[in-house]
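Student: Note that the protein sequences, when read in sequence, are chains A and B. So for the first sequence, the working numbering puts the first residue at 10; every next one is plus one. So for the second sequence, the working numbering puts the first residue at 10; every next one is plus one.
Worth flagging that the hints you see were computed from the coordinates, not collected in a lab. Treat each hint with caution, since some may be false.
Claimed, not checked - Here are the computed lysine-lysine pairs in the DSSO-like style, where the Cα-Cα straight-line distance is at most 30 Å:
#1 K120(B) - K350(A)
#2 K202(A) - K156(B)
#3 K350(A) - K361(A)
Quantities reported herein were computed from a predicted structural model and do not represent experimental measurements.
2 protein chains.
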Amino acid sequence: MRSWRRLLAVLALAFMATGAQAQERPKIIIDDEGFALMHLMLIESDKVDVVGLTSVSGNVWANRATAMQLKGLEITQDEEIPVAEGATFPLVNTEAMTDRWEALYGKLTWKGAWMKEWVEPTVQSTPAYYGPHDPVELPGGNAKLKKSDEIAANFLIRMVRENPHQITIVACGPLTNLALAQRLDPEFASLVKELVYMGGSLNPRQVLDNVSADEFAREFVNSPRREFNARFDPEAASIVSRAPWPKLVMIPSDPSTGAQLTPELIARMAKVATPEVAEFISGMETGFPMWDEIAAAYVLDPSLETEGDDLYVDYNTQFGPGYGDTLSWREHYQPGLGEQKAHVVRAIDAQKLEAMMVEAMAEGNTAAR
Amino acid sequence: MRSWRRLLAVLALAFMATGAQAQERPKIIIDDEGFALMHLMLIESDKVDVVGLTSVSGNVWANRATAMQLKGLEITQDEEIPVAEGATFPLVNTEAMTDRWEALYGKLTWKGAWMKEWVEPTVQSTPAYYGPHDPVELPGGNAKLKKSDEIAANFLIRMVRENPHQITIVACGPLTNLALAQRLDPEFASLVKELVYMGGSLNPRQVLDNVSADEFAREFVNSPRREFNARFDPEAASIVSRAPWPKLVMIPSDPSTGAQLTPELIARMAKVATPEVAEFISGMETGFPMWDEIAAAYVLDPSLETEGDDLYVDYNTQFGPGYGDTLSWREHYQPGLGEQKAHVVRAIDAQKLEAMMVEAMAEGNTAAR
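Given these sequences and hints, build the entire structure.
Tutor: This is the structure in structure tokens:
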């Protein structure tokens, strides 16, 4: 939403209720590889205060993700939110290693920035292939907004040290930035309020019956423990899983099989959003499972969850058939190598998710008036 | 040497020769896990300008290494050299993982900060065991000097960006800080002048015939490809080996088998050093192969080398029997996974090394007068 108008709305609310209430909105940093509905939900919502975006390579290279985030903030007119560019490369994994891995162990369905073509015909579009340092020219032109001078991991460390135990990080891409931050500053994770991340996969099953759902099931039917974010930077996922977050919530791919982005949902959101946001979301490709939107919605209201579990989680960093796979254990079975207990969201209320998405867009529009 | 006196000496030299000559001393940052002869050689020498020290966990935890470096700079009276504390933990490897590894694949000779006791009786002393965050009280008291506010990886990035293609990094501990810097800033390595690192092992053979040499041969006789720095953080060693340094020099353990720190050498150095440095080095334990001193001497004068090779080098990051082992290939045989060509020092002139060490101490004393 337009920030200065939100400020006015918040001030008005402060007069109506208590000033403290308005100040207590949870502070959020979104760490992700682009700018999409998940960002809009958190930025447009009245319930949280997004205090920064960080980019990382994953679906696209970090420089492209940064450009998308800057553009996104122009669309929502939240130019005061800083965007810090994150890691261009995963810690250890590389495009060349992934080529070799596929030659040994079989093809990956999705490889993000390393994707040249789908293995078999797919209704989803094929993204353009770029090099890590190729210049970025977004359709419609780049934003005038500039990224922060800070590197994402340093931005995360500074923000968390300035606001100890107050910042919720919502991470929906590979976990490279968070792993770097933790190795740069061993107290980093302990000073965060909560990490909610989309990553990993336990045992998803196809719920919806349509072409997109059939096709996305390719990602897990023969590899239920593989998920893109973790597979792109397995070492980072393991480092993050072993860091001492006061609260750690994992959104694996499991709950997303029942939540698909449809033209109907986009229309519902566009109807209530600001004209700029409506235009932006009306151009979005549909058919995707709403992986990241579940993470954002969980942060706004954890009662979204209909089935959950507390498990010890880690990621396989062995460069074998299971590289990047999710490892999980019930309490008492974990190896004790530092892996932390995570709250794992196994299923959600998809109707509620949709309602929350529409509500967030409406809140952004109300505040903008 | 005392810095302000060195400044006077340099100014005097500038009058005698050209000002430019004095300004062109190569800029050095030393990345290491303590403060020892290697630091003294570079700091006391007239030939180079040490512009920073960074610490890292390895032989000791990073906080102890930092304290040792601050104390060292008080001894040499170089209080203007900044000390930036580096990574407390390796990227992926951990003490707990190393315990499991030893239970699977056999005992390591040396584990640095994770060392509780020697496996069998050894003439070298057993270091005290500490936790990563235990407070540090050095014998004789800690330095009054304070460490920099910057994290080592950030200090390295800033210095290299402020002095592009001018800084030589001499790294003699695990390569965690350099790996972090490269992942934070993908241009970092390309902006360095040269990296000279002590790490890795190709095929060392015992050269000297005494108890210490016999005992240190345990480190390589049955594991010629294993070396402590690389084994402590194998992922960092691999990241660094794949980074685009304009020039990369590897000092493996091989050339150190012919170069042992003896009481005679210490006496020669103490005789010509400043009283403070003489007292410091006179307390040093002898019997060690001079791993790091070779790296420092190579930076001062590469003609130290008597046998070298240009090889592609990487490190094994598979958590199996060869975890952390050195991988090397002649040109044309490398896999092409990003591994870089390194100049590998295979043998050195040990007498020349000793003479250079004595010379550096004398230079520091001359400048201090």
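Student: Does each hint hold? Answer for all of them.
Tutor: Going down the list of hints, with the structure as the test:
no. : hint              : verdict
1   : K120(B) - K350(A) : holds (29 Å)
2   : K202(A) - K156(B) : holds (28 Å)
3   : K350(A) - K361(A) : holds (27 Å)
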